[in-house]
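A.B. asks: Sequence:
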Amino acid sequence: MKRTATCDCGELSISLDGDPYVLVCNCDSCQRRTGSAFGMSAYYDAEDVVSITGPCTEYTRKSQFAKMITFSFCPTCGTSVFWRLEAQPDKIGIAVGCFNDPSFPAPESVHHLDGKLDWVTFPESMRRG
Numbered sequence: 006m007k008r009t010a011t012c013d014c015g016e017l018s019i020s021l022d023g024d025p026y027v028l029v030c031n032c033d034s035c036q037r038r039t040g041s042a043f044g045m046s047a048y049y050d051a052e053d054v055v056s057i058t059g060p061c062t063e064y065t066r067k068s069q070f071a072k073m074i075t076f077s078f079c080p081t082c083g084t085s086v087f088w089r090l091e092a093q094p095d096k097i098g099i100a101v102g103c104f105n106d107p108s109f110p111a112p113e114s115v116h117h118l119d120g121k122l123d124w125v126t127f128p129e130s131m132r133r134g
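For what it's worth, the numbering used here labels the leading residue of the sequence shown as 6, then goes sequentially.
Take the hints with a grain of salt, since some may be wrong.
Pair ranges (Cβ atoms, derived) [claimed, not checked]:
hint : residue 1 : residue 2 : range
1    : CYS82     : SER130    : 28 to 38 Å
2    : SER114    : LYS7      : 21 to 31 Å
3    : SER41     : THR62     : 18 to 28 Å
4    : SER20     : GLU63     : 17 to 27 Å
5    : PHE127    : ARG37     : 16 to 26 Å
6    : PRO80     : PHE127    : 11 to 21 Å
7    : THR58     : LYS96     : 14 to 24 Å
8    : ASP123    : GLY15     : 32 to 42 Å
9    : ASP24     : PRO94     : 11 to 21 Å
10   : ASP22     : GLN93     : 16 to 26 Å
11   : PRO110    : CYS82     : 19 to 29 Å
12   : TYR26     : LYS72     : 12 to 22 Å
13   : GLY59     : ASP119    : 14 to 24 Å
Under the rule of at most 30 Å between Cα atoms (straight-line distance), these lysine-lysine pairs were calculated in the DSSO-like manner [stated by the list, open to error]:
hint : residue 1 : residue 2
14   : LYS67     : LYS96
15   : LYS121    : LYS96
16   : LYS7      : LYS96
17   : LYS67     : LYS121
18   : LYS96     : LYS72
19   : LYS121    : LYS72
By construction, these hints were calculated from the structure, which means they are not laboratory data.
Backbone N, C-alpha and C fix where the C-beta goes; we use that ideal spot for every residue, glycine too.
Please build the complete structure, drawing on both the sequences and the hints.
C.D. replies: Right, here's the structure in full:
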């Protein structure tokens with residue numbers, strides 16, 4: 006299925022054609038990146054990328070696991086739209102909120118529960134990563 010994720014101002018977008026693996030992450034970095042209690046990410050195979058349009062600025066840092074991660078964000082509005090992980094060069098992560106699609110698939114797993122805020126709960130049936 007073809008989907009497009011877009012930044013807040015609409016200048017940076019990425020279109021993909023494929024099925025994502027969707028997860029929720031509670032690590033400190035995802036909380037800071039999103040300004041929320043957790044980050045919700047859709048991971049696609051890199052070959053699923055159809056196009057990337059618009060200006061893009063990159064920021065690279067070490068992940069919590071000492072591997073590099075490169076975030077691509079809009080230089081106008083600052084929205085972090087997608088990223089690439091050194092540990093998984095054949096994948097690309099997309100911020101689920103950038104799809105702005107109420108029918109987007111639900112997350113399949115939840116990760117880094119040790120960083121979860123006390124008031125956040127996830128279904129017991131959700132796979133733990």
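A.B. asks: Take the hints in turn and mark each one as holding or not.
C.D. replies: Now the hints, each set against the structure:
1. Checked against the hint of 28 to 38 Å, the C-beta distance between CYS82 and SER130 comes to roughly 36 Å, which is consistent with it.
2. The hinted window of 21 to 31 Å between SER114 and LYS7 holds, with their beta carbons roughly 24 Å apart.
3. A beta carbon spacing of about 21 Å between SER41 and THR62 agrees with the range 18 to 28 Å that was offered as a hint.
4. Checking the proposed 17 to 27 Å range against SER20 and GLU63 shows it holds: the Cβ atoms sit about 19 Å from each other.
5. A C-beta distance of roughly 20 Å is found between PHE127 and ARG37, which places it inside the suggested range of 16 to 26 Å.
6. With their beta carbons about 34 Å apart, PRO80 and PHE127 fall outside the hinted range of 11 to 21 Å.
7. For the pair THR58 and LYS96, the supplied restraint of 14 to 24 Å holds, since their beta-carbon distance comes to about 21 Å.
8. Checked against the given bound of 32 to 42 Å, the beta carbons of ASP123 and GLY15, roughly 36 Å apart, stay inside it.
9. For ASP24 paired with PRO94, a C-beta distance near 19 Å keeps the hint of 11 to 21 Å intact.
10. The hinted window of 16 to 26 Å between ASP22 and GLN93 holds, with their beta carbons roughly 19 Å apart.
11. Taking 19 to 29 Å as the suggested C-beta distance range, the pair PRO110 and CYS82 conforms, at roughly 26 Å.
12. The beta-carbon spacing between TYR26 and LYS72, approximately 18 Å, falls within the hinted interval of 12 to 22 Å.
13. Roughly 36 Å separates the CB atoms of GLY59 and ASP119, a value that falls outside the hinted 14 to 24 Å.
14. Simply put, LYS67 and LYS96 have alpha-carbon atoms about 17 Å apart, close enough for the 30 Å limit, and the pair holds.
15. Our distance criterion of 30 Å between C-alpha atoms is met by LYS121 and LYS96, whose separation comes to about 25 Å.
16. Distance restraint check for LYS7 and LYS96: the Cα-Cα separation of roughly 17 Å lies within the 30 Å cut-off, and the hinted pair is therefore satisfied.
17. Annotation: proposed proximity of LYS67 to LYS121 holds, straight-line Cα distance about 21 Å (limit 30 Å).
18. This hinted pair checks out: LYS96 and LYS72 have alpha carbons roughly 14 Å apart, not beyond 30 Å.
19. Restraint check for LYS121 and LYS72: satisfied, since their Cα atoms lie roughly 22 Å apart, inside the 30 Å limit.
Checked against the numbered hints listed earlier, the structure breaks hints 6, 13; every other hint is satisfied.
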